[in-house]
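With the sequences and hints as input, model every part of the structure.
Be aware that the sequence shown starts at 1, since it is given in our numbering, and climbs by one per residue.
There could be a bad hint or two in this list.
To be verified - PhoX-like, lysine-lysine: derived pairs with alpha carbons at most 20 Å apart:
#, residue 1, residue 2
1, K266, K239
2, K145, K177
3, K266, K177
4, K282, K177
To be verified - Ranges between beta-carbon positions, derived for each pair:
#, residue 1, residue 2, range
5, D267, N164, 35 to 43 Å
6, G292, S270, 38 to 46 Å
7, Q134, S262, 18 to 26 Å
8, E286, G152, 16 to 24 Å
9, G222, Q149, 26 to 34 Å
10, S250, P156, 14 to 22 Å
It is worth saying that the hints were derived from the structure and are not from the lab. All values reported here derive from a predicted model rather than from experimental measurement. Each residue gets a CB set at the ideal place from its N, CA and C atoms; glycine is no exception.
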Amino acid sequence: MTTPQQPPGGFGQAPGYGAPQGMPQPGSPPAGYPAGAAPGGPVPYGQQPQPGPAPYGQPAPYGMPQQAPQFGYGGGPGMPPPIPPKRNKAGAIIAVVAGVLVIGTLAGVGVFRGGGSSSGASDSGPRYRITVPQTLAGGEYKLAKDISQQAGRAVPSDGANEHNVKTAGGQYSSGTKSLVMLGLYGVIDDPETTVDHTIRGMTRDGKTEVAVTDSEFTPSGGGGSLTCGVDERTEMGQKVTLPFCVWADSSTSGSVAQTDASELSKDPYSVDLQEFADKVGKIRSEVRKPVG
1 MTTPQQPPGG FGQAPGYGAP QGMPQPGSPP AGYPAGAAPG GPVPYGQQPQ
51 PGPAPYGQPA PYGMPQQAPQ FGYGGGPGMP PPIPPKRNKA GAIIAVVAGV
101 LVIGTLAGVG VFRGGGSSSG ASDSGPRYRI TVPQTLAGGE YKLAKDISQQ
151 AGRAVPSDGA NEHNVKTAGG QYSSGTKSLV MLGLYGVIDD PETTVDHTIR
201 GMTRDGKTEV AVTDSEFTPS GGGGSLTCGV DERTEMGQKV TLPFCVWADS
251 STSGSVAQTD ASELSKDPYS VDLQEFADKV GKIRSEVRKP VG
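Listed below in structure tokens is the structure:
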């Protein structure tokens, strides 16, 4: 008995059956290969050919996904977009910290409570300003990026408690540690209100929550008390521990937060906040400079 010959279309179908006009027939080689050839070389008789992805910009074999561009999106109808290249983890984490502090600073100037009205304070100009040095904490941290302009576009110059303010800040690194300093300077009516709203604002994004309640600390180097605590942020399922310190006076306000890529999910209660306050006290003296 003679074995029936397999239809040339493959998959038990006649040529062209079920295939849209202009699409390669089932079992045919993808565009870019000579007739009768397959991407993996000759296919033994009786075995189903295994078409590979078509060269970029050419149609794929019927039933196979179109090859997506190496970068970006555009995987084709019904297909999920290609995964973009992974960002550097340290860069992603430091951006997260900066975002948290910007939200806190926004709250500090009364944006989330309908700020913009003056309480009648005298705008005699700031006595201090905030700078962005190339290094912090006696040279321990080096400036990676000045974020003054970016933060300044997000933070208004006037709020219910602050007036004629300018914003300055930077992202710093030291080994596996990433630190962000963000400050503003101008006229501050009530420094305690600024500190309180800044700290509360840091948890308004829905991803950040209080882990260790803030308390006042006196830095060993002096310079006035700091309010410090620990927050935890969840980013793509990853817990990130964020120790922070905040200060404010009649002309400046500042926030400093830090993460360590070697222990992102460090137990918040194991953070030595007095030690961190000593470091931020030194940072405050480096970034806050008299005007004039």
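Here is what the structure says about each hint:
With a CA separation close to 9 Å, the supplied pair K266 and K239 stays within the 20 Å bound. With a C-alpha separation of about 14 Å, the suggested pair K145 and K177 falls inside the 20 Å cut-off, and the hint holds. Proposed proximity of K266 and K177 is supported: the alpha carbons are some 13 Å apart, at most 20 Å. A hinted pair counts as satisfied when its Cα atoms are at most 20 Å apart, and K282 with K177 qualifies at roughly 17 Å.
At about 42 Å, the CB distance of D267 to N164 agrees with the hint of 35 to 43 Å. Distance hint for G292 and S270: a CB-CB separation of about 43 Å, consistent with the stated range 38 to 46 Å. About 24 Å separates the C-beta atoms of Q134 and S262, a value consistent with the hinted range of 18 to 26 Å. The supplied range of 16 to 24 Å is met by E286 and G152, whose beta-carbon atoms lie about 20 Å from each other.
Under the hint 26 to 34 Å, the C-beta atoms of G222 and Q149, about 32 Å apart, fit the expected range. For the pair S250 and P156, the supplied restraint of 14 to 22 Å holds, since their beta-carbon distance comes to about 19 Å.
Violated hints: none; the structure is consistent with every hint.
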